[in-house]
Amino acid sequence: MALPLAGPHRYPHNEDGTTGDRGVSEIATEPPARFSGRTGPYLGLLAVNFLLNLVTFGFYRFWARTRLRRFLWSQTSVLGDALEYRGRGLELFLGFLLAMVILGLVSGAIGIVQLTLAIYWPVGSQAAGLLNVLMLAILIPFARYRARRYRLIRTAWRGIRGGQDGSGWHYALRSFGWGFVTIVSLGLARPWADMALTRYRMNHTLVGRQRFTSTARGGALFWTWLPVPLMTIAVPASIGFVVMTAMWGDPDTGLPFEMTAEALVPTIAIALALLAAGTVGWVLLNLRYLCRRWTHIAATARLVHTLFSARLSVGRIAGRWLLALFASLAVFVLVLAAMLATSGNEIVVVREYLRFAQDGPDILLSDTFERFAMPLALKAGGALAIAWLAGRLLIWPAVFDIWFMRHLCAGIAIADSAALDRLVESERTDPRTGEGLADALDLELSPF
Amino acid sequence: MRWTSNCRPSEPMTSAAGRYHDGRVATGRAVIATLESDGVAIADAAGGAVAFWSAAGIRLLDRPSGGRALRLAGGADGHERLTLDDDGALAELRRLCPGLKRAPGDGRAMRRLLLPLLAAALLVTGTIVFLALPWGTRIVVTLVPWQAELRMGTALRDALIAQLAAMTRRPELPGIVCADPAVDDVLAPLVARLATAGGLPAMPQVTVVALPFANAFALPGAQVLVTGQLLREAAGPDELAGVLAHELGHVAARHGLQRLVRSAGFGIVVGLLVGDPVGIGFSAAAAHTLLEGAFSREDELAADRFAVEALNRADIEGAPLATFFDRVAARTGAAESAFALFLTHPPSAERATLIRAHATGRGNAMPPEDWRRLVAVCG
Numbered sequence: 001m002a003l004p005l006a007g008p009h010r011y012p013h014n015e016d017g018t019t020g021d022r023g024v025s026e027i028a029t030e031p032p033a034r035f036s037g038r039t040g041p042y043l044g045l046l047a048v049n050f051l052l053n054l055v056t057f058g059f060y061r062f063w064a065r066t067r068l069r070r071f072l073w074s075q076t077s078v079l080g081d082a083l084e085y086r087g088r089g090l091e092l093f094l095g096f097l098l099a100m101v102i103l104g105l106v107s108g109a110i111g112i113v114q115l116t117l118a119i120y121w122p123v124g125s126q127a128a129g130l131l132n133v134l135m136l137a138i139l140i141p142f143a144r145y146r147a148r149r150y151r152l153i154r155t156a157w158r159g160i161r162g163g164q165d166g167s168g169w170h171y172a173l174r175s176f177g178w179g180f181v182t183i184v185s186l187g188l189a190r191p192w193a194d195m196a197l198t199r200y201r202m203n204h205t206l207v208g209r210q211r212f213t214s215t216a217r218g219g220a221l222f223w224t225w226l227p228v229p230l231m232t233i234a235v236p237a238s239i240g241f242v243v244m245t246a247m248w249g250d251p252d253t254g255l256p257f258e259m260t261a262e263a264l265v266p267t268i269a270i271a272l273a274l275l276a277a278g279t280v281g282w283v284l285l286n287l288r289y290l291c292r293r294w295t296h297i298a299a300t301a302r303l304v305h306t307l308f309s310a311r312l313s314v315g316r317i318a319g320r321w322l323l324a325l326f327a328s329l330a331v332f333v334l335v336l337a338a339m340l341a342t343s344g345n346e347i348v349v350v351r352e353y354l355r356f357a358q359d360g361p362d363i364l365l366s367d368t369f370e371r372f373a374m375p376l377a378l379k380a381g382g383a384l385a386i387a388w389l390a391g392r393l394l395i396w397p398a399v400f401d402i403w404f405m406r407h408l409c410a411g412i413a414i415a416d417s418a419a420l421d422r423l424v425e426s427e428r429t430d431p432r433t434g435e436g437l438a439d440a441l442d443l444e445l446s447p448f
Numbered sequence: 001m002r003w004t005s006n007c008r009p010s011e012p013m014t015s016a017a018g019r020y021h022d023g024r025v026a027t028g029r030a031v032i033a034t035l036e037s038d039g040v041a042i043a044d045a046a047g048g049a050v051a052f053w054s055a056a057g058i059r060l061l062d063r064p065s066g067g068r069a070l071r072l073a074g075g076a077d078g079h080e081r082l083t084l085d086d087d088g089a090l091a092e093l094r095r096l097c098p099g100l101k102r103a104p105g106d107g108r109a110m111r112r113l114l115l116p117l118l119a120a121a122l123l124v125t126g127t128i129v130f131l132a133l134p135w136g137t138r139i140v141v142t143l144v145p146w147q148a149e150l151r152m153g154t155a156l157r158d159a160l161i162a163q164l165a166a167m168t169r170r171p172e173l174p175g176i177v178c179a180d181p182a183v184d185d186v187l188a189p190l191v192a193r194l195a196t197a198g199g200l201p202a203m204p205q206v207t208v209v210a211l212p213f214a215n216a217f218a219l220p221g222a223q224v225l226v227t228g229q230l231l232r233e234a235a236g237p238d239e240l241a242g243v244l245a246h247e248l249g250h251v252a253a254r255h256g257l258q259r260l261v262r263s264a265g266f267g268i269v270v271g272l273l274v275g276d277p278v279g280i281g282f283s284a285a286a287a288h289t290l291l292e293g294a295f296s297r298e299d300e301l302a303a304d305r306f307a308v309e310a311l312n313r314a315d316i317e318g319a320p321l322a323t324f325f326d327r328v329a330a331r332t333g334a335a336e337s338a339f340a341l342f343l344t345h346p347p348s349a350e351r352a353t354l355i356r357a358h359a360t361g362r363g364n365a366m367p368p369e370d371w372r373r374l375v376a377v378c379g
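Protein sequences, first through last, are from chains W and D.
Take 1 as the starting number for the first sequence in the numbering used here and just add one per residue.
Take 1 as the starting number for the second sequence in the numbering used here and just add one per residue.
Keep in mind that a hint or two might mislead.
Taking CB as the label site, the calculated pair distances span [what the hints assert, rightly or not]:
1) D:T344 to W:L340: 27 to 37 Å
2) W:S185 to D:R305: 51 to 61 Å
3) W:G381 to D:G363: 40 to 50 Å
4) D:N215 to W:G381: 22 to 32 Å
5) D:R151 to W:S185: 35 to 45 Å
Just so you know, the hints here were simulated from the structure itself, not pulled from any lab data.
Predicted model, so just to flag it, every value in this text is computed and none were measured.
All C-beta atoms, glycine included, are put in the ideal place defined by N, C-alpha and C.
Generate the whole structure from the sequences, applying the supplied hints.
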């Protein structure tokens with residue numbers, strides 16, 4: 001019986017059935033990593049997850065996340081074989097319950113202490129509030145490290161499980177220390193903090209019995225990072241400058257700071273424009289840093305003898321991101337316009353009130369104003385909610401997500417991957433509950 | 001999915017090409033999988049046997065490669081993997097094995113943990129939300145001495161008035177407080193009368209402020225604010241007395257302080273439950289509003305009961321207060337019942353009925369000429 005060795009969607013094989021290449025110079029002609037997920041099933045999955053989350057008041061999120069991960073993992077293939085997600089919603093749910101019990105008791109105790117302090121020793125209660133922040137500053141990185149461990153031990157490739165050793169507490173303490181350094185340095189130390197923690201994570205990442213190593217360095221990323229904290233300072237500084245200029249002393253009234261009625265609207269407009277432009281600029285600069293960071297991490301990572309490299313096109317990613325942003329804004333504007341088209345009366349009245357409010361803002365507290373302003377506010381809120389939903393369930397997934405995954409995988413190159421054929425599975429047995437602390441604190445800010 | 005024992009392979013033997021991984025080493029092998037009546041035989045290109053998966057342990061995992069491939073798990077420990085590239089194989093398999101469905105695998109150990117953990121979590125959460133928080137709130141509040149709360153109240157009131165005053169720039173009013181002598185001559189004695197009748201431990205201080213909406217509110221520390229608009233819109237002194245008595249009810253039960261204490265505790269518990277500890281999501285806001293609404297509606301009813309008792313003991317008619325709620329009900333009407341669960345006060349019609357049922361006073365709050373003086377305090 002003739003055996004087809006390479007089908008239409010099969011990674012090219014060597015003659016002995018393996019897929020790895022033999023040396024640094026022989027890199028397979030087909031990209032080693034591939035994302036084959038399609039937009040249609042992805043949108044459907046997001047929609048179903050959203051609806052079920054809605055009717056269960058969020059309790060479905062564990063199974064929703066599991067289904068999403070199963071989809072993403074199974075559509076990501078490395079050297080022709082797809083990743084496998086072995087996690088289960090029930091595991092995440094159990095971990096969450098456990099965390100609820102523990103966290104409930106702990107935060108109950110802390111709450112009582114805090115409230116007692118608030119009454120008898122207000123200064124002390126501020127200090128207790130600080131303790132809360134400290135506790136979170138340690139708990140959050142701990143939970144993220146453990147959550148990453150769960151994702152790794154529930155991921156398999158070619159039948160070999162991932163893994164992560166090292167200690168969540170060690171990681172949390174390092175993260176806390178580096179966080180302190182970052183703050184003290186006004187954000188300039190971030191690349192070193194970032195790479196130090198990345199090295200810890202990578203050096204403790206396993207595939208079967210084999211371990212990743214990372215030689216990532218913060219110094220390599222500093223110049224890419226610098227524009228970001230500079231922008232973070234520049235935007236509020238420029239807004240403050242504009243506001244101060246507009247408020248500069250009025251010689252007639254003799255007051256040092258006075259904002260005249262005519263100056264109010266243009267000043268607010270300029271400030272908002274600066275804020276919008278500054279935010280977009282900040283996001284793009286941050287994006288540039290994240291892309292370089294990913295490239296650097298890949299270039300300095302090794303698994304046994306195998307080397308990696310990764311490329312991301314900042315321009316194309318930024319373009320897609322802006323496209324999705326404008327699409328969302330367009331939806332918002334259209335929905336808002338449609339809703340306000342029926343509110344001619346309210347708009348006229350509210351405009352008049354706002355004009356009078358410049359002399360005495362307390363007029364905005366009156367019942368009459370509320371009666372006209374409330375429907376407008378509700379409509380604006382409704383438009384915002386619809387635009388947000390459309391953005392999260394339709395626009396961003398359709399325009400950005402799938403394309404980005406494809407772009408990310410296409411940019412990965414693997415050299416000397418012969419060793420990847422010989423990875424050996426480890427003998428350990430894994431625990432059966434998910435990393436509940438991270439789930440209870442819902443630190444999975446990305447849905448993956 | 002489980003192969004059932006009544007899988008019926010057809011002739012010629014159904015087989016498909018794929019890749020096999022044994023779950024111990026990453027090396028994969030190109031194989032041919034053949035469906036037999038009691039399982040799947042996996043053989044290599046030369047026909048040599050590689051593995052045999054018995055039917056009971058085979059599971060469908062997922063559909064990689066954009067849904068065009070099929071991945072199965074099987075083998076003695078369930079860790080072996082078979083990826084079939086022929087997406088027609090699934091239809092064929094389904095046709096031959098009618099009992100095929102996706103089964104996620106052995107969860108027995110986990111399910112044994114589920115009930116106890118669920119019970120424990122519900123117990124802890126329920127205890128915190130419905131027992132510990134209200135009880136703790138009451139205890140904390142009784143521990144706060146009135147002196148402390150009075151000091152807090154004065155500071156709060158001054159801050160609030162300063163803030164509201166900053167929003168007004170009317171040349172005819174130097175500030176926002178209406179300091180007409182009628183406030184001391186007429187309003188203060190009424191408040192004192194109600195406070196004594198209600199048995200308040202401290203004498204409340206009432207301030208009239210010139211604001212364009214009709215309302216009265218009680219701050220912590222026996223401070224009551226009344227707007228000039230309320231004085232103008234009230235149908236009579238007895239109605240005003242009723243509203244004041246209601247606010248004094250909040251003062252007596254120290255609801256302001258309780259709300260402060262309670263909101264601190266709610267936030268994180270509710271956030272954890274719905275998976276939103278920062279509380280920025282819709283679920284957290286909705287859950288928070290629902291819970292806070294329930295407690296606050298109770299507070300309002302308690303204040304109503306205090307008001308009726310105080311009015312009775314001061315021998316002031318209670319019916320005008322009921323008509324006040326009738327007016328509110330007429331104005332807001334259907335909206336109230338639609339949003340009942342989210343509102344911070346009980347339906348106005350219900351409150352009016354409650355008051356009418358228990359009011360026994362017959363007298364008046366003040367003579368008409370005093371009332372006329374009071375209505376004009378804010379110019």
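Quick rundown of the hints versus the structure:
For the pair T344 (chain D) and L340 (chain W), the supplied restraint of 27 to 37 Å holds, since their beta-carbon distance comes to about 29 Å. Checking the proposed 51 to 61 Å range against S185 (chain W) and R305 (chain D) shows it holds: the Cβ atoms sit about 60 Å from each other. For the hinted restraint 40 to 50 Å between G381 (chain W) and G363 (chain D), the CB-CB distance of approximately 48 Å keeps it satisfied. The hinted window of 22 to 32 Å between N215 (chain D) and G381 (chain W) holds, with their beta carbons roughly 24 Å apart.
For the pair R151 (chain D) and S185 (chain W), the supplied restraint of 35 to 45 Å holds, since their beta-carbon distance comes to about 43 Å.
Of the numbered hints given earlier, the model fails none.
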